[in-house]
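Undergrad: So you can see what is in the structure, the chains are spelled out below.
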Amino acid sequence: MIKVNQLTIERTGRAIISDFSTEIPSASITAIIGPNGSGKSTLLAAIAGDLAPISGEIKIDGVNPYSLAANELAHLRAMSLQNQPFLMGFTVRQVIEFAGPADQVMTDLELSHLAERQVTNLSGGEAQRVAIAQALAQMKTNQCSTLLLDEPLSAQDTESRNRIIELLKKLAKAGATIVVVVHSSEEKISWADKVLKQSL
Amino acid sequence: MKKLLPWFTIAAVVLSTLSALMVGAAQVDNFWSALFNPSSNEILWQIRIPRVSATLIVGAALGIAGLMAQGACNNALAEPAILGTSAGASLGAVIGILFGVVQVGSLGAILFGVIGALLATALVFRLAALRGNLSSFSLIIIGIAVSATLTALVGLLSVMVTRADARSISFWSFGSFALVTKENLIGIAITTAIGSALAWKIAPALDRISLGDATAFHLGVDVKRSRYLALVALSILAGGAVSTIGTIAFLGLAAPHIARFIYGPTHRFLVLQSALIGSLILIIADTLARTITSPNELPIGLITSLLGAPVLIALVTVKNSVWKVQ
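Chains A and B, in that order, give the protein sequences.
Just so you know, we're using the numbering used here here: the first sequence kicks off at 1 and counts up by one.
Just so you know, we're using the numbering used here here: the second sequence kicks off at 1001 and counts up by one.
Keep in mind that the hints were calculated from the coordinates and are not lab data.
Some hints here could point you the wrong way.
Only pairs whose alpha carbons sit at most 20 Å apart, straight line, appear in this in silico EDC-like list of lysine to aspartate or glutamate [claimed, not checked]:
1) B:1003 - A:116
2) B:1224 - A:72
3) B:1224 - A:50
4) A:169 - A:108
Only chain A is shown next, with the shape it has when bound in the complex (with noise of 0.2 Å):
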C-alpha cells in the first residue's frame, strides 16, 4: 500500500506536482497516464525516493523513503528506469546479479539467450528488459513489496509486451504493490487495477 499525501514536488522552480494526493493499493497493478511533461516520471520517482518533496508525504507500507538510507530503501521498492544508460560492457547476467540471481528473471523476460551478451550491445527493448530483469530480481532477493516501473512497456511488441503484463498480473496477485507509467496514448489499459491520470 502506498499512500501519497498532499505533495507537492517542484522541478528547476516549477511545480511539476501541485497538492497531489491518492491511495495506491497493494496486491494490485496501478498504471499512471498522463501526456508528456505532466509528472508522471516525477511522480514515481518521488515515491522511489528519488526526489525530495517540498511538502506533502509519501509513505510505502507506512514507511517514508525519506527517511530510509538507500540500502534500507532498496529493501522496500524497486524500480526500474524508462531509459537505462548502459556505458560499460557488463554481460547482461552480471547487470542483473548486481540485485541478484538472475537465471529466473531471465527466463522470465526471455533473456536467457542474451545471458553472456555485454549490455552496450542490445536494442532499446532487450535493454529495458535488463533493467525490468534487475529490478525483479532485487524485489525477489530484498523481498520487496513495491515495483515501480517507468514506461517499461515502450520499446516492447507485441508479444513481449504481453508477457511482461502477465508477469506483473501474477506478481500483483501474488500480493506486490505495482506501480507502472505508460504513455496514455501508448494502448488501452485494460491490465491495470487502477489508472491515476496526471494532466499538465
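Once you have looked at the hints, place chain B on chain A.
TA: Frame of chain A, contents of chain B only:
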C-alpha cells in the same frame, strides 16, 4: 584461455622486473647470486632494487588511481592528471618543501602531497557542480583548467626559489625515479596500501554507479558516499606517488582502460589488473628511460606516453564496446 590471461600479466611483470634489475649503466656480475645475497652488490641492492620497487609501487598506485577517477566520475576521460589531483599533489609537496617543513620523498612531503591532491580534486568537483548536476563536460573542462593553473604555480615556485632539494619543473611535470631511495619506499608503500584497500572496498559500488546514479541508488548504493570514498582513494594513491616521483601523465588513463579492454569491466578485478598493468608499463618505461641514452636519463613521462598511447588507440579501435561512447 581467458582464465589464464591474468597470469600472463603477472608473468610479464615478473619478467620485466628481472630485466629491469639486470640492465643499466653498470654491469651486475653474477646477477642471480647477487639477487639472493643482500650485501653482495651495492649497485643492485642500494640503487636498482629500491628504484625498481618504486616503479612497481607507483605504477600500481597510478593504475588504481586512474580506475578510481574513471569509476567515480563514470567518465572514460577521467584520470589524476585531468582532475587536478596530480597538480594538487605537486603543489602541496612543493609548498611543504619550499617552506622547509618537509623534504622530498619524506612522509611529510607525502602528507602535503595527499592534502594538496584532496583539496585540488575537491575544488574541481565543487566548481563542476556549481550549476547543479555534475556533468562530464564541466568536470573535464574545469579539471583541465585547475590542473593548468596549479601546474603553473608549481612552475613559478620551482623557478622563483632556487633550493637544490626543491626539484625542477621538469621533475614535477614529467617525473623521475633517479633520486628514489630505500627510505622513500616506505611512504609510497603505505599510501598505496591504504588507497588500494579503500579502492577494493568500494569497487562493487562503482560497478553499480556505472549504471548511472539513479539506478545505483535504487539498488541500495549510497552514491555520494561511494563517490567521495573513491576520490579519497584517488587522492591518497596519486598524492603519495606524485609527491615522491613527480607527475607521470597518461599512466592513470591508460592502465585501467587497457585492463578493462582485456579483462572486462568488473571493478574489483580491475583494481588488481590496473595495478599490474600500471606496474608493467612503468617498469618498461623506466628501464627504457635509463638505458636508451645511458648514462643520461630521459624523463619517464615521455616514455609512458609513447608506450601507452598506441596500445590504447589500438584497443579502442579494435574493440570499443567495453566503454560505450555516447
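Undergrad: Now look at each hint and say whether the structure bears it out.
TA: Status of the hints after comparison with the structure:
1. Annotation: proposed proximity of residue 1003 (chain B) to residue 116 (chain A) holds, straight-line Cα distance about 16 Å (limit 20 Å).
2. Using a Cα cut-off of 20 Å, the hinted pair residue 1224 (chain B) and residue 72 (chain A) holds, with the two alpha carbons roughly 16 Å apart.
3. Annotation: proposed proximity of residue 1224 (chain B) to residue 50 (chain A) holds, straight-line Cα distance about 13 Å (limit 20 Å).
4. The straight-line distance between the Cα atoms of residue 169 (chain A) and residue 108 (chain A) is roughly 13 Å, inside the 20 Å bound, and the hint therefore holds.
Hint compliance for this structure: every hint is met.
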